[in-house]
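Asks: Chain residues, written in single-letter form:
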Amino acid sequence: MGLTPPSTPAEAAALDAASPNFITTRLDFLQNWARSNSLWPMPFGTACCAIEFMASAAGRFDLSRFGMERMSFSPRQADVLICAGRLPFKLAPVIRRVWDQMPQPKWVISMGACASTGGMFDNYAVVQGIDTIIPVDVYVPGCPPRPEGLIYGIMMLQKKIQGETFTDPTLRQEHLVNSDGLFLEPQRIDELSEPFGNSVHQTRSA
Amino acid sequence: MSVKPVNPPQVEAELPGSFSTRYMRINVGPQHPSTHGVLRLVVDLDGEQIVSLKPQVGYLHTGFEKTMENRTYQQCVTYSNRMDYLHAFAHDLAYVLAVEKLMDARVPVRAQRIRVILTELNRIASHLVFFGTGMLDMGALTPYFYCMREREGLMDIFEAVSGVRMNYGYFRVGGLYQDVPDTFEPMVPKWIDAFPKHTDEYFNLFMANSILKARTQGVAVVTRDMAIDYALTGPSARASGVPLDYRKAAPYSGYEDYVFDVPMREEGDIYARMAVRFEEMLESCKIVRQALDLLEPGPVKDPDRRISLPPRRELENSMEAVIFHFKLVTEGFHPPKGEVYVPTESARGELGYYVISDGGSMPYRVKVKAPSLANLQSLEPSSIGGLFADMVINIASFDPVLGDVDK
Amino acid sequence: MSGATSVAALRAAFGGAVERDDLICGDAVVWVAAARSHEILAWLRDTPGQDYNYLVDITAVDYRDPELPLEVCYQVRALARAEDLRVKVALAKDAPLVVESVVNLWRGADWLERETFDMLGIEFEGHPNLRKLLTPEDLDGHPHRKDFPLGETPTLFNDGRFLDPAAFRAGLTGRNPGLTGWSGGARRGVTSTEGALPGEGRDKA
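Protein chains in written order, with this note's numbering: chain H, 1 to 206; chain G, 1 to 407; chain F, 1 to 205.
With the rest of the complex left out, here is chain H:
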């Protein structure tokens, strides 16, 4: 899932051909400036962090100054998915589908301890980090993170975006999984996670 290195020599050659120069860096600057200053967030708010996200969007800690006041609740029109709150297993296919529906370029901010690592809920019900399901760009720790913390994370994402380049074709490449690929049998999951075991295999543990 997500981003992969070049698999064939032809792909590697294509990568070498598009090497950066002065014009491309100026165009990169323009593209990244536009993207980072008008990130439209898709608030995937589940729990307490969603309320702090709402407070960030409100008057005191204004997200509008970052160009982020237009919350797009439709993933089709969103740039950054902000997962605010704990993600139970029942909600995991939903966030995956929502992320899949977002068009590139897209980024993910994992807001809060529960979204980043499962937080204080190390149990059968909570996904131990949304990065097990979708690729995450910025993790914002906290329980819940203060609005200033979230804004720091957003600014960090803006810096990350400003380091991107359009000459790298693999950067925004996404391998979409088909509808069967999302669900793996438990035995297959065990095979894939062989050396260390599968810590997500919680309810079926010995």
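Think of the hints as simulated: they come from the structure by calculation, not from any bench.
A hint or two may mislead.
[Stated by the list, open to error] Only pairs whose alpha carbons sit at most 27 angstroms apart, straight line, appear in this in silico DSS-like list of lysine-lysine:
1) G:Lys101 <-> F:Lys93
2) G:Lys213 <-> G:Lys197
3) G:Lys101 <-> G:Lys337
4) G:Lys54 <-> F:Lys132
5) G:Lys197 <-> G:Lys327
6) G:Lys337 <-> F:Lys93
7) G:Lys337 <-> G:Lys327
8) G:Lys213 <-> G:Lys248
9) F:Lys132 <-> F:Lys146
10) F:Lys146 <-> G:Lys337
11) F:Lys146 <-> F:Lys93
12) G:Lys327 <-> G:Lys101
[As the list claims (entries may be wrong)] Incomplete in silico selection of chain H near chain G, CB under 8 angstroms:
13) Phe44
14) Thr46
15) Glu52
16) Gly59
17) Arg60
18) Phe66
19) Arg70
20) Phe73
21) Pro88
22) Lys90
23) Pro141
[As the list claims (entries may be wrong)] Quick list of the computed label-pair ranges, beta carbon to beta carbon:
24) H:Arg60 <-> G:Glu185: 22 to 28 angstroms
25) G:Ala208 <-> H:Arg76: 37 to 43 angstroms
26) H:Arg60 <-> F:Glu125: 52 to 58 angstroms
27) H:Thr8 <-> G:Gly47: 52 to 58 angstroms
28) F:Arg131 <-> H:Ala13: 55 to 61 angstroms
From the three backbone atoms N, C-alpha and C, an ideal C-beta is built for every residue, glycine too.
Following the hints, position chains G and F against chain H.
Replies: Just chains G and F, lined up with the frame of chain H:
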């Protein structure tokens, strides 16, 4: 066995015939701007009218109760406030009251008064979010910013007291974590005195607004008998004429010392549910003022060393204090065997923790009687026959918090 | 505020079906036979003088030892008289865990019974829509049963041991020594904290 999410058999059985074009089944959520959390609704529509409505919950099930069975009693306080994150102090209070009843702990009066002040301020904060997001569902953007602005003042108070804006770890079994800072006593009256001017403004902005009245009066009525039958509690039930407020019916933590009214309405429509919460905010201000007037200096923890940690300066001199500290922090205290249920009133309704102890240092079973779970059952009967847009504000009017529903 | 008077009336009306009763922390709790639980709850709701018209909660408790039963708890309240009563139905673990549903008495029992079914596997006979409420469809088992693991991420030690955090915590319940071997001392069979440690009186504020 490849597992895919399937429609529950009940929903499948009710699907209209596949060539029928009259009814349309749509899915609202779990990710949706207005479902107040991850609530999923499967709605069958006849045009704009709702024919059937099946809420699917569980998208925020975190396993709180099972996790609390594996934490000591004091550690469980960190979990209780993350269930209903909007009225977190209510959950903390309900939990510590239950454990204190089990342990027969004596909470000092000052701690009780501070608990009441903070819980009522948190109730106001929760109702402010209710109005902010409820009006957002109706398409009004301004009240959201005004209500969140008020709430920021309350967050400052909570931060001064507990160090965090949300998910406070301030209540303990036996009292409070520590006494309130000196800035507390000037900050709270300043905010409380400024609040009624704002509520007058809000009343003119939305409660007296003709568009709001046209949208909410007579819509999604819950009758009194329906409310009792469906186990509806809290402001939503009081809006239907059920005279139940646990602060009056079963006073706890010193509520019997305060003089306040419990707003009630008879109509049971969305406007009544909003009006009850509006008036409750002002009643909470009254309670806070009275509690502040009655606040006297004193201890804030049960002096019993088997429950409360010893003061830190004693750890320098006393070996017994170190031993107590060690045992309380690593192992925790042991309530006697037994079970207890203490009903309290949260911003959503009746909240109670049913705690069963087996004599160990961790609860044997904790069952949270969550008001939002029972309240959400009233969504279906009150929305059927109404319009889809009304259902959206109906969900807002029951004020569910999905962390409370799904635990 | 406890429903102690109702217990006496229950015994008079139902005799042997009321197995025992107790007053725990000021709450009246009564255990009734599973076969007549619906009848008893209907009697509590409908009889003038009892009028337990409001259902507070339905839950269940799984006691760890296999010979102890699973108890389904109904918390009901008489709004007019401001009285609470807890009715418990003990279900032995070697028989099917079935109890009659009270949805036809209180419509609010719908989701509460579904939650109890989901978490503990108790079947409510006559419930119109008994399926899981909170856990995902692919979760097998009933989480609040004592034999269902909490599911914590195991810790991998340098020497290759893979240990479940609950194994460290087990000693704290006083029942099994867990990994540390510490069985708890004063915790065994403790019934109150009075006099648990020498030299310290219990100060009352």
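Asks: Does each hint fit the structure? Answer for all of them.
Replies: Hint check results:
1. Restraint check for G:Lys101 and F:Lys93: the C-alpha separation of about 31 angstroms exceeds 27 angstroms, so the hint is violated.
2. Distance hint between G:Lys213 and G:Lys197 is fulfilled; the C-alpha atoms sit about 22 angstroms from each other, no more than 27 angstroms.
3. Simply put, G:Lys101 and G:Lys337 have alpha-carbon atoms about 12 angstroms apart, close enough for the 27 angstroms limit, and the pair holds.
4. Restraint check: the Cα-Cα separation between G:Lys54 and F:Lys132 comes to about 14 angstroms, which is no more than 27 angstroms; the hinted pair holds.
5. Only pairs whose Cα atoms come within 27 angstroms are accepted, and G:Lys197 paired with G:Lys327 is rejected, the gap being roughly 50 angstroms.
6. A C-alpha spacing of about 22 angstroms is found between G:Lys337 and F:Lys93, which places the hinted pair at or below 27 angstroms, so the restraint holds.
7. Distance hint between G:Lys337 and G:Lys327 is fulfilled; the C-alpha atoms sit about 19 angstroms from each other, no more than 27 angstroms.
8. With a CA separation close to 30 angstroms, the supplied pair G:Lys213 and G:Lys248 exceeds the 27 angstroms bound.
9. Among the hinted pairs, F:Lys132 with F:Lys146 is consistent with the structure: their alpha-carbon atoms are about 19 angstroms apart, no more than 27 angstroms.
10. Between F:Lys146 and G:Lys337 the alpha-carbon distance is near 18 angstroms, which keeps this suggested pair within the 27 angstroms criterion.
11. For a cut-off of 27 angstroms, the pair hint linking F:Lys146 to F:Lys93 stands: about 12 angstroms separates their Cα positions.
12. Using a Cα cut-off of 27 angstroms, the hinted pair G:Lys327 and G:Lys101 holds, with the two alpha carbons roughly 22 angstroms apart.
13. The beta carbon of H:Phe44 comes within 6 angstroms of a beta carbon in chain G, closer than 8 angstroms, and the hint placing it at the interface holds.
14. For H:Thr46, the interface hint holds, the least distance from its beta-carbon to any beta-carbon of chain G being 5 angstroms, beneath 8 angstroms.
15. Interface hint status for H:Glu52: upheld, as the beta-carbon distance to the closest one in chain G is roughly 6 angstroms, under 8 angstroms.
16. The beta carbon of H:Gly59 comes within 5 angstroms of a beta carbon in chain G, closer than 8 angstroms, and the hint placing it at the interface holds.
17. With 8 angstroms as the threshold, the beta carbon of H:Arg60 comes within range of chain G, its nearest partner Cβ sitting at about 5 angstroms, so the hint holds.
18. The criterion of a C-beta within 8 angstroms of any C-beta in chain G is not met by H:Phe66, whose closest approach is roughly 17 angstroms, and the hint is violated.
19. The interface hint given for H:Arg70 is broken, as the beta carbon of that residue sits about 12 angstroms from the closest beta carbon of chain G, more than 8 angstroms.
20. About 4 angstroms separates the beta-carbon of H:Phe73 from the nearest beta-carbon of chain G, less than 8 angstroms, and the hint is met.
21. For H:Pro88, the suggested interface contact is upheld, since its CB lies about 5 angstroms from the closest CB of chain G, less than 8 angstroms.
22. Below 8 angstroms, beta-carbon pairs count as interface contacts, and H:Lys90 has one with chain G at about 5 angstroms; its hint therefore holds.
23. Residue-level restraint check for H:Pro141 is violated (minimum Cβ-Cβ distance to chain G is 14 angstroms; threshold 8 angstroms).
24. The beta-carbon spacing between H:Arg60 and G:Glu185, approximately 24 angstroms, falls within the hinted interval of 22 to 28 angstroms.
25. Under the hint 37 to 43 angstroms, the C-beta atoms of G:Ala208 and H:Arg76, about 39 angstroms apart, fit the expected range.
26. About 54 angstroms separates the C-beta atoms of H:Arg60 and F:Glu125, a value consistent with the hinted range of 52 to 58 angstroms.
27. Look at H:Thr8 against G:Gly47: about 54 angstroms separates their beta carbons, and that is inside 52 to 58 angstroms.
28. Checked against the hint of 55 to 61 angstroms, the pair F:Arg131 and H:Ala13 passes, with Cβ atoms roughly 56 angstroms apart.
In summary, the numbered hints that this structure violates are 1, 5, 8, 18, 19 and 23.
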